[in-house]
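K.L.:
The primary structure of each chain is shown beneath.
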Amino acid sequence: MSKRNILKIIAFVVGLYFFLEYILPEKVGGDFDSYEVNSPVCVEKQGKKLQFYVGSYYKGRGAIGRMVKTDGAWKKDPLPVLQRSLFMKFDQYGLAEPDCAATPEGLTLLYMGQNEKEPVLCFAESKDDGKTFQKRGPAVFSTNGLFKVSENDPNGFLPDRIKTFAAEYANGRWEVFLFTMTYRIFHAAGPDLKHLALDAEPLAGTTLTEKSPNAFDVALEGGAPTLFYIMDREIMKFRKDGSGQWTPLVWKAPHGSGSNDTMYAGGRCDSSDGTLYLGTKQNQKGRPIDSPFETTLCAVKLRDLSDGSPLATEMTFYKKVGAQPKPTYLSYGTEWAGKFLTVVGSFAIFIAMINLMLFHGKKIYQSALNYNAPQGEEKLPGGGAPMRNFLKNAGYSAVFLIFLAVMIVCALKGQTDEARGTGWKTTFDFLFNAIQAPMGSAVFSMITFYMISAAYRSFKVRSLEAGFLMAAAIVCMVGQMPIGELLASLVPESWKLLQLPWLSGKLLSVLNAAAYRAVLIGTLIGSVAISLRIWLGLDNSVYSSVD
Amino acid sequence: MTEENKKRSLWDRIQFCDPRILYALFAVVVIVFEMVQVKMPVPNPVWVGKLYDKVESLPLDKAVLIDCDYGAGNRGECEGQFKAFIQHLFSRNIKFMVLTWTTNVEGQKLGRQVLDEVAKKMGKTDGEDYVMFQAIVNAGGVTLQSLAKDIHGFVVKDINGRDLGDIPMMKNFKSINDVSLIYRVAYSWGGIPWIGFVQSVYGTPLAAGSAGIESSTAYPYLDSGQLCGLLAGAAGAAAYEKRIIDAGITEETGIGTKTVSVQSFATLFVVVSILISNFAMFMSKAQSRRANV
Amino acid sequence: MQKTSKIFWLLIAALVLILAAWGEVKAMHSPAVTARIADLELPSHFIYRLQTWVAALSCIAVYSFLFKENPFYRFFEHALLGCATGYSCAVVMRQNLYSQWLVPIKKSLMNVMAGSYTREDIATVALIFAGVIGLLWYFQYSKKYFWVSRIAMCISLGAGAGLAFKDTFNQLIPQITGTFKNLCPSEYAMPGAPFIDRFYAGCENAIFVIGTVSVLMYFFFAFGNKNAIVKGSSKIGRWYLMIALGAFFGNTFMSRLSALIERVHFLMAEWLLMSQM
Amino acid sequence: MDHATLPIIIFILLFSSFIITMIILTKRGKEVFLRPINGLKVIDDAIGRAAEEDRPIMFNLGFDDLSVNLFCSLAVMGYVVRKAAKLSMPVYVPLAQPLAYAMAEEFWKDGYAAMGKEGMFAVEDCLRYMSSNQSALGAGIAGWIKRDHVGANFMFGTYGFESMMLAEAGQQAGAFQIACTPSFYQVPFFMVSCDYTVFGEEFYAAGAYFNRDPVLTGSLVGQDYSKLVLLLLIVLGSLLLTIFQKHDYLRLLLQW
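Those protein sequences? They're chains A, B, C and D, same order as listed.
Just so we're aligned: 402 in our numbering is position 402 of the first sequence, and the numbers increase by one with no gaps anywhere.
Just so we're aligned: 1003 in our numbering is position 3 of the second sequence, and the numbers increase by one with no gaps anywhere.
Just so we're aligned: 2116 in our numbering is position 116 of the third sequence, and the numbers increase by one with no gaps anywhere.
Just so we're aligned: 3094 in our numbering is position 94 of the fourth sequence, and the numbers increase by one with no gaps anywhere.
Hints were generated in silico from the structure; no laboratory data involved.
From the three backbone atoms N, C-alpha and C, an ideal C-beta is built for every residue, glycine too.
Wrong hints could be hidden among the right ones.
[To be verified] Only part of the chain A face toward chain C is listed, based on derived beta-carbon distances under 8 Å:
hint, residue
1, Gly156
2, Leu158
3, Ile162
4, Leu356
5, Met407
6, Phe430
7, Phe444
8, Gln480
9, Val546
[Said to hold, decoys possible] Calculated pairs, PhoX-like style, for lysine-lysine (alpha carbon to alpha carbon, straight line, at most 25 Å):
hint, chain 1, residue 1, chain 2, residue 2
10, B, Lys1062, A, Lys76
11, A, Lys75, A, Lys3
12, A, Lys76, A, Lys49
13, D, Lys3246, A, Lys163
14, A, Lys76, B, Lys1171
15, A, Lys362, A, Lys392
16, B, Lys1120, B, Lys1050
17, D, Lys3083, D, Lys3109
18, C, Lys2107, A, Lys413
19, A, Lys496, A, Lys506
20, D, Lys3086, C, Lys2226
21, A, Lys425, B, Lys1050
22, B, Lys1285, B, Lys1120
23, D, Lys3246, D, Lys3146
24, A, Lys363, C, Lys2143
25, B, Lys1174, C, Lys2107
26, A, Lys163, B, Lys1121
27, A, Lys413, B, Lys1109
28, A, Lys425, B, Lys1120
29, A, Lys75, A, Lys49
30, A, Lys496, B, Lys1050
31, A, Lys363, C, Lys2068
32, A, Lys69, A, Lys49
33, B, Lys1285, A, Lys460
34, B, Lys1050, B, Lys1062
35, A, Lys3, D, Lys3027
36, D, Lys3030, D, Lys3086
37, A, Lys362, C, Lys2006
38, C, Lys2006, C, Lys2068
39, C, Lys2226, D, Lys3041
40, B, Lys1121, B, Lys1285
If we strip away everything but chain A, and leave its shape as in the complex, we get (with noise of 0.2 Å):
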């Protein structure tokens, strides 16, 4: 067992385990909702309290998880009971904005399916109090009696496209309500939800400004079905009367905990217990009341929304600040290794420095040998008076080493808190105002000559590829400064090609960007054969040194 063999096996091992740590699959159930969590909905099932929410673990891949609320603690699934799929056109980017109703046969949960083109109003049936949903595809609008659905418009006749919804299950009829992108209530109400006659006019009497509201719901307020919303700080409240028109019970009230920042309330209400509760997303301009600052899911009790008292808050925290993807059963220890070999690189920084020590310690060690060696036997080019000719062979090492202690010291000693008026902090800030900053970008710019000649006297079109690569550079150069946007501003505007910065722009993100992609595929590629090679010990050259 040579010792070149000993260390490829250790390094196959090391990289065994952070290859594996990559290829196992997360442990079942991954934190889907570590990411972001909002639009919570409430419902109450044969006296037990549920409430569903959207969890995304990716950016924007949103799923629906569930809580059961078990002798006061609201317990949360650890998996998603509805997920986004990836073969079903209407929600391959993730579900949003849930809205539940308890039905006779179970619970029916609608949510706006993400997809490419516009989000669709789709719904799923569940028998066991949510635990599984099956999902039974886009909820279909008809006007007048005409079903028309289509692979364009699955949600059949729709006056515009939806922005959020509304619906609640009552006394055996669907009601549903869409507020659509052009602010307007549209009232639709079916039998089912895949049968649903929509009211060819919008509701009267609703006074929308241009912004969306922050709670849309509809609930059963004493048996009757009242629509409700929260514009503003104002709630706006409607019910059938007599003859089955949606009339507005206009009611201001403030509402909000006291702080003067509205409290978002981006969910849902539900009032089979009397009581309206509303899901609410915790406010995130100011301080909340009084728990640490977590994204938290409450379901706020509005006791009675006519007298106007502030809502009471009924707290459930239940998003751990600091979440994580569910690791796979090697990932405890990544942590860990990332430490491990931080600390590890950390030692290897002080071989520099030791190096130059060493070399410049030997030169002022061989000089003052020399000092008083006899003419003949220098060991260093000789000449001239012994302490000129000490000087100048140890003479830049003694700087090299002085600075090097000074720097330390200071260093060490000037960065603290406490040191902050004293004389350590000013060598500190000297040393490295006057040396090292100023020397540094001079040694930076000093080839700034060097290219100017260079380019001056070798920059020569011999070639076509030459000139295309001159002129490439020119454009560059000319149309990110200043200067491309004053010659622009000569061009008339629809003259684009003559446009320098433009042409840059397009320059840079359409040829530049082809053409140094395929070599970035090419570069990545590399890099995957080097590091296999490295990891199986193909590569000899890395341990040449060693027998």
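Following the hints, complete the assembly by docking chains B, C and D onto the known chain A.
P.N.:
Same frame as chain A, but now just chains B, C and D:
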């Protein structure tokens, strides 16, 4: 055919002139336009606007993680990008954490000087509105993986030596899921593999402020959506500064704007010199062809 | 020629000294200087001016290397090397090894001694092993045990190789899917866009996809030498690369120029106070 | 993703199998075709021209320390030294790293020994360790090129900004210059002042082309097949998207 035995025609004298004349002319151009700060219309690249709008739409309950890794060499470009960005964050009351690496300690020192100066002007307190971590060693992807999972456990202390647990602001930011945007200011934006280990894993948007040289490698990533914004060189810094001045966040002209107005004349000088030297080459070739025909 | 250039440089030096002295006078009572002193928290005006002078001399030393390598430059170069190495080692000592490694280990050791410890404490104590491996780096100075220093390198290399797959494929997949471009977008793909915009978008996408494909073909080595398509498209690929290289060259100039302009701004504004701070 | 999705696992298995099988095949001696790089075909003409004008040849190894890049450059250097030894021409090799000096000396001596011309040129004045500081290295080599009026200048390996100084000095001295570097940023400067420029992955192909190391050649061919798969995916994806205007199924499949 070295240049000595070539007939010293006018064009040859121009083509092979002494570089010191070039240096002198260039120095004159830079010094003159440094003293005469000409007011120039600052260009407005697409990706600067996209980053500005992204910061405008950031949620307040998450923090921004700034990776400040520029060196003394590219203060001209990156310091303007860093300063404009933190002024914008301060004006929108978005909390942010500044991360620095041991492999480039200048970034920590220069970043801290700029941060203290801007915080003092805009009345922001360390620990409440912003925090600067102590430097961490870059051991590649494995460092980012454990940093993303548990910031407190990995960084342990901030630059003044206070534990992260005692800092009031840090109570709400424990892992990368509490970070709404990562912004890397550096000479080479790709130096730290944020895309491979954080952006593609957690979906945290990543924006880059890089020196001009490396900005051309960012465009494939901008096109594929892995980067959500780019400030390219001093021109990028000047464009962002113009936007925050228009929004009334600050009045003083930024470092980028000063650099870019002188830089456009320096660039013009270089471009003109290249064209002259090419023109001289063509003329001398034509002359020699006419001579031996 | 030699004598005249010597006089020429002496004249330049004299002019600079006069401007510098005039700058000092202006600096005495210029508000911008006092603001700058407050910003940098410097104790006195003299220290600020000394710092500016040393910074200016170091810049001139660097630029003097352009003409000839001289002891003035070599002094400041070794000073820079000393400061840079010293500062980074001090930061590693205090901020990495002391407070990110020793302090957590001390704290969790106390917990373990006291008996009340969690899983994290044991993990932190186990980090001592990392220090042992870290010390192996220094075996490279001994001839006999040179290979021991390669252990630490192997661990880092192995981890790097293992993680390279994750880094590579997490970057690669969005790059590939990013190149799926719609070559002729229809009314359905871009609703409400007039034909001319859709045509331009289609051309742009076509240029992009052809570019990526042809440059990929340019870097094929193992096959396709006789195949006409590969030969033709790699020629197109080379044109695309020329333009990309032109963009690289243009941006390289931008960076170098802004570094020089920043230095000239420092010299003119802070040292000679001839331009606005 | 934090953990590999199904498409990524398929890619990993596919690419690894390409690379490993090709390495095993080339180790077993299967002759693998590598298209000649156009820049390297003219190496012989460059040496011949320099020999005619009786001007020395210079081979730069760039800034690499012990790494894959250095071994590729050394492979080409071995070939150049052997060719120059046949025409009994000196080859100057300036170096930037101490470790590289030892390896270069070995290759240099083997080259001349193979042609039976051991003692013809002294190692000390042909191989010189300049400095590991970039600006000093650039200035030193530029001076050396102009002083010795180099006839053919080869620049292999990775370069920083000193690439400009070398290329311009060589162009001034009227040398026939060939540059071959993986560092993409220096290619524009080489492109405009050298006669032939080889860049990107062609540098590794050059190494494999000359030293026929089975591991390097095999993995290059394996990488080519992987890139072919990705190329076909790109073409397929674009066509699919053009046909089904908005439904980007392949993108959804890959980003499961």
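K.L.:
Confirm or reject each hint.
P.N.:
Hint by hint, here is what the structure shows:
Given the 8 Å rule on beta carbons, the hint for A:Gly156 is violated: about 20 Å separates it from the nearest Cβ of chain C. Hint status for A:Leu158: violated, given a least beta-carbon distance of 16 Å to chain C, over 8 Å. The beta carbon of A:Ile162 comes no nearer than 17 Å to any beta carbon in chain C, farther than 8 Å, and the hint placing it at the interface is violated. At a threshold of 8 Å, the smallest CB-CB gap from A:Leu356 to chain C is about 6 Å, leaving the interface hint in force.
Nearest Cβ of chain C to the Cβ of A:Met407: about 3 Å, under the 8 Å cut. The hint holds. The closest approach between the C-beta of A:Phe430 and any C-beta of chain C is roughly 5 Å, which is under the 8 Å cut-off, so the hint is satisfied. Here the hint on A:Phe444 is kept, as its CB sits about 5 Å from the closest CB of chain C, short of 8 Å. The beta carbon of A:Gln480 is positioned within 8 Å of a beta carbon in chain C (closest approach about 7 Å), and the interface hint is therefore held.
This hint holds: A:Val546 has a C-beta 5 Å from the nearest C-beta of chain C, less than the 8 Å allowed. Restraint check for B:Lys1062 and A:Lys76: the C-alpha separation of about 23 Å stays at or below 25 Å, so the hint holds. Distance hint between A:Lys75 and A:Lys3 is unfulfilled; the C-alpha atoms sit about 56 Å from each other, more than 25 Å. In summary, the hint linking A:Lys76 to A:Lys49 is supported, as the alpha carbons are separated by about 12 Å, within the 25 Å threshold.
A threshold of 25 Å between alpha carbons decides the hint, and for D:Lys3246 with A:Lys163 the separation of about 22 Å falls inside it, so the pair holds. Distance restraint check for A:Lys76 and B:Lys1171: the Cα-Cα separation of roughly 24 Å lies within the 25 Å cut-off, and the hinted pair is therefore satisfied. The hinted pair formed by A:Lys362 and A:Lys392 meets the criterion: a straight-line CA distance of about 15 Å does not exceed 25 Å. At roughly 28 Å between alpha-carbon atoms, B:Lys1120 and B:Lys1050 are farther apart than 25 Å, so this suggested pair is violated.
At roughly 13 Å between alpha-carbon atoms, D:Lys3083 and D:Lys3109 fall within 25 Å of each other, so this suggested pair holds. A C-alpha spacing of about 23 Å is found between C:Lys2107 and A:Lys413, which places the hinted pair at or below 25 Å, so the restraint holds. For the hint linking A:Lys496 to A:Lys506, the alpha-carbon distance of about 11 Å falls within 25 Å, and the restraint holds. Between D:Lys3086 and C:Lys2226 the alpha-carbon distance is near 33 Å, which puts this suggested pair outside the 25 Å criterion.
Restraint check for A:Lys425 and B:Lys1050: not satisfied, since their Cα atoms lie roughly 40 Å apart, outside the 25 Å limit. Taking the CA atoms of B:Lys1285 and B:Lys1120, the gap is near 63 Å; set against the 25 Å cutoff, the hint is violated. A hinted pair counts as satisfied when its Cα atoms are at most 25 Å apart, and D:Lys3246 with D:Lys3146 does not qualify at roughly 62 Å. This hinted pair checks out: A:Lys363 and C:Lys2143 have alpha carbons roughly 22 Å apart, not beyond 25 Å.
A distance of roughly 20 Å separates the Cα atoms of B:Lys1174 and C:Lys2107; the hinted pair therefore holds under the 25 Å criterion. Taking the CA atoms of A:Lys163 and B:Lys1121, the gap is near 43 Å; set against the 25 Å cutoff, the hint is violated. Annotation: proposed proximity of A:Lys413 to B:Lys1109 holds, straight-line Cα distance about 15 Å (limit 25 Å). Taking the CA atoms of A:Lys425 and B:Lys1120, the gap is about 19 Å. The hint holds against a cut of 25 Å.
Between A:Lys75 and A:Lys49 the alpha-carbon distance is near 11 Å, which keeps this suggested pair within the 25 Å criterion. For the given pair, A:Lys496 sits about 22 Å from B:Lys1050 by alpha-carbon distance, which is consistent with the 25 Å threshold. Straight-line distance between C-alpha atoms of A:Lys363 and C:Lys2068 comes to about 24 Å, which keeps the hinted pair within the 25 Å bound. For the hint linking A:Lys69 to A:Lys49, the alpha-carbon distance of about 5 Å falls within 25 Å, and the restraint holds.
Using a Cα cut-off of 25 Å, the hinted pair B:Lys1285 and A:Lys460 holds, with the two alpha carbons roughly 12 Å apart. For the hint pairing B:Lys1050 with B:Lys1062, the CA-to-CA distance comes to about 19 Å; that is within 25 Å, so the pair holds. With a C-alpha separation of about 24 Å, the suggested pairing of A:Lys3 with D:Lys3027 holds against the 25 Å cut-off. Between D:Lys3030 and D:Lys3086, the direct Cα distance comes to roughly 30 Å. Violation of the 25 Å bound is thereby established for this hinted pair.
Pair hint A:Lys362 plus C:Lys2006 does not hold up; C-alpha atoms about 38 Å apart against a cutoff of 25 Å. As the CA atoms of C:Lys2006 and C:Lys2068 are separated by approximately 14 Å, the hinted pair is consistent with the 25 Å bound. About 17 Å separates the Cα atoms of C:Lys2226 and D:Lys3041, which keeps this hinted pair within 25 Å; it holds. A threshold of 25 Å between alpha carbons decides the hint, and for B:Lys1121 with B:Lys1285 the separation of about 61 Å lies outside it, so the pair is violated.
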